Structure formats: structure tokens, C-alpha cells
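Given chain U, work out where chain A should sit, using these hints.
One-letter residues, chain by chain:
Protein chains: 2
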Amino acid sequence: MTTVLPTRPVPATADRILDATERLLARFGYNKTTVDDIATEAGVSKRTIYLHFAGKEEVALASIDRVVGRVTDQLRKIARTDAHPTDRVLDMLVARILGRFDSVRSYHQSLEDMFRSLRPTYLARRQRYFDAEAEVFAQVLEEGRRTRAFAITDPLAVAHDLLVATNGLLPYSLSPAEFGRRAEVAARASRIAGLLLDGLRRR
Amino acid sequence: MTTVLPTRPVPATADRILDATERLLARFGYNKTTVDDIATEAGVSKRTIYLHFAGKEEVALASIDRVVGRVTDQLRKIARTDAHPTDRVLDMLVARILGRFDSVRSYHQSLEDMFRSLRPTYLARRQRYFDAEAEVFAQVLEEGRRTRAFAITDPLAVAHDLLVATNGLLPYSLSPAEFGRRAEVAARASRIAGLLLDGLRRR
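Top to bottom, those sequences are chains U and A. Per my numbering, the first sequence starts with residue 1, numbered consecutively. Per my numbering, the second sequence starts with residue 204, numbered consecutively.
If we strip away everything but chain U, and leave its shape as in the complex, we get (with noise of 0.2 Å):
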């Protein structure tokens, strides 16, 4: 008999880290927590902490790797629902923005210190989020490039572009301000989707 196994394991105990280090955040910020008040809040020994992660940075880190991993679930459901691929990919690009806004948007404030003390961690990290962001793009560019929606040749390549064509509303890149208007990030987030699409769209 064959065991199937979750295509992504995340250990509980890992998940209850990460769950105490967001309301942390929330609470004192990024540069006033410590490893002991992660290990408290969780309701587990420091040594257990260390176990999964290998410090403070790798804690914050892996609570910012799953944020993006729930948003590319998200645009992994959007991509196989049988909606046009324009409206697709319109609703993906939305959702990329809103899903991680929403998803931060408790402890924006402490993004700031977060984002200054990870900040070149974080740049060289976040391409990997691109990157598996991206594969679900080109899959939804792909067919309609296929079934000649889009006038693309390289859906990769478009993907890739779409993607820094919306970085600019990335928790990264909102300013405390910008964090209290959520209906405006997301109209803007999809006015941009929207212009894009319809320069994709074959005329």
C-alpha cells in the first residue's frame, strides 16, 4: 500500500511558529521580538524553534515564504477554473496584490523595520516567489495564446512582465500611508491589470 503525501508537508508545529510570530509583529514589531517571546507565544521551548528555523530572520522569512505560498495557491485555483483566460489572468494579477495586502495588512507597521533590517535577504529571495508565481501565469498565457486570445509568443517571458508590472503595489512597495486605502490599491491594481490585458489582446 502506497502513502500519499501532501505535495507541500508543513510540519504543525512550524505553522504554530509562524502563527505566533504574525501576532508578535503585530503587536511590538519585527525588531522588538525576540526568538523567546516567538518560543512563549507559541507555547514551545526555544530549542523547538531552533529546530525549524535558524533564527529570527529565517522565522520572519519563512512567516513572508508562506504568505506568497497561500497567494500562489490562490492564483493556482484561479488559473484551472474554465473563466476566458483574459478574465483569468485579470483576476490573478488582482489577486497577487490583494491576497498578500490582505494577508499583511494587520502588521503593516512592522513591515518597515522588518523590510529594513531583511531588506537584502529579502530582494534576492522574493525571485523565487516570482519565479514559481510566474510558471502559473504562462500556464494561463499558454493556452490562450493557443487559442489565440493573446498575441504572445514567449508566455514565460509576458508572465515575467506582468508580474513587475504589478510589483509596484507589493506590501514592499506600499508606504504606512498607502496601507490604509485598500480600495484604492486594488482599483489601481486593476485599472494596470486591465490596460495590460488589453495590450495582450489580439486585435
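Simulated from the structure, these hints should not be mistaken for laboratory data. As the structure is a computational prediction, the values presented were derived from the model and not from experiment. Keep in mind that a hint or two might mislead.
Computed Cβ-Cβ distance ranges for the label pairs, DEER-style [said to hold, decoys possible]:
#, chain 1, residue 1, chain 2, residue 2, range
1, A, Gly246, U, Arg47, 53 to 59 Å
2, U, Gly180, A, Asn234, 54 to 60 Å
3, U, Phe28, A, Gly272, 35 to 41 Å
4, U, Glu184, A, Arg351, 26 to 32 Å
Here are some chain U residues the structure puts well away from chain A; computed CB gaps all over 12 Å [as the list claims (entries may be wrong)]:
#, residue
5, Ser45
6, His52
7, Gly55
Calculated from the model, a selection of chain A residues having no Cβ within reach of chain U, i.e. all distances over 12 Å [what the hints assert, rightly or not]:
#, residue
8, Asp268
9, Arg269
10, Arg279
Even glycine gets a Cβ: it sits at the ideal position worked out from N, Cα and C.
Chain A in isolation, oriented as in the chain U frame:
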């Protein structure tokens, strides 16, 4: 007799201080540069620096202001040409990316610690940059709206959308690795601008 004043008078001393700052940023980075270093490099007294700027942070921000000010002047030049509005907006979008890229390329490594140290102040300040750029874009967009080159109703709102859609390529959003690949940044800026402009075009 009236004296014609330049529209944006910049005292020569301030410019010398900023030139010196850029050289020191390239050599030592932001964190390791002191106001004393800047004074020595610029050949002025420390007191002179403080006559022009509140401190090191203000000098650094003024140096970003100057880069963006020059880029915005460049956009005004393109906006005044008699090329087709579509071509002008395309050129302006690429120019706002490459103008910044080329200005800071020699000290892009030191942008890392500068952006880390200045992040909240920088994010708040850059809204002013975008407002000034948007005004220039809006003029050309309005012209294209009148001549029916663009199917748009609100040129200023569209101008801001175009900026956000290319902000993912600003120095602030690039990793050191990406700074090594100018041709790639240029090609991406051009492709994104092309998609956006196809989206604006009346069909």
C-alpha cells in the same frame, strides 16, 4: 531691467556637496560616510554643510531628489517634442527607469544600506516625485485624449497608473544582481511600456 531667474535655482555649493556625497557613496557606502567625510570631499567646512542640510540623512535624500529632478526634466523634454503621443509616452516610461538606473549605477551597492536606513522617509517622500512625473505624463496623455490617440477619460489617473506599473523597475525595487543587467532592465521597461500603450490605444 529685469533679471530672468532660473526656475529651479540650485546654489553651486549644494551641488558640490551632493557631487561629493555621490562619490563617497560609491566608495564607502551610506553607513560608513560621515558629514565630516562629505565636507572634506566637497572642500567645504562642516558648518557649510549644515547651512544647506539638516544632516547626513537630508544630504542623502537631497541627492535622490536631484537624481529624480533631472529625470523629470528629461521627461519634460520628451513631452515637448512633436513625436506621436504614443511614442512620447513610451519613451518617457523607459526614460524614467533608465535615467534613474544610470544615475545611481556607480553606487548601487551603497543604495542597499541607504534604502535600509532611509526607508520610511524615502517612501513618504517619493509620493512627491511621482506627483511631479505624473503631471508631465498627464499633459501628453491629455493631448492624446484630445486627438483620440488614447481611449482614456482621466489623464492624471492614467499617468499615476503608468508610473505604478513601471515602479517595479525603480532602483529601490532592484536587487544588486539586477543592477548588473542593464540590457535586461531596459528590455523589460520597453516591453511593459509597450503593453501599457497598446492598452491605452483607441481601437
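Going down the list of hints, with the structure as the test:
Distance hint check: the CB atoms of Gly246(A) and Arg47(U) are about 58 Å apart, consistent with the given range 53 to 59 Å. Against the hinted window of 54 to 60 Å, the Cβ-Cβ separation of Gly180(U) and Asn234(A) comes to about 31 Å, which falls outside the hint. Range check, Phe28(U) to Gly272(A): Cβ separation about 39 Å, and the 35 to 41 Å hint holds. A hinted range of 26 to 32 Å for the beta carbons of Glu184(U) and Arg351(A) is consistent with their spacing of about 29 Å.
The claim that Ser45(U) lies off the interface holds: its Cβ sits roughly 32 Å from the closest Cβ of chain A, which is beyond the 12 Å cut-off. The Cβ of His52(U) lies farther than 12 Å from every Cβ of chain A, with a closest approach of about 27 Å, so its non-interface assignment holds. Distance to chain A confirms Gly55(U) as a non-interface residue, since its nearest Cβ pair spans about 19 Å, more than 12 Å. Listed as outside the interface, Asp268(A) is consistent with that label: its C-beta sits roughly 17 Å from the nearest C-beta of chain U, beyond the 12 Å cut-off.
Separation of Arg269(A) from chain U is adequate, the least Cβ-Cβ distance of about 21 Å exceeding the 12 Å criterion. At roughly 22 Å from the closest C-beta of chain U, the C-beta of Arg279(A) stays outside 12 Å, upholding its exclusion from the interface.
In the structure shown, a violation is registered for the earlier hint numbered 2 alone.
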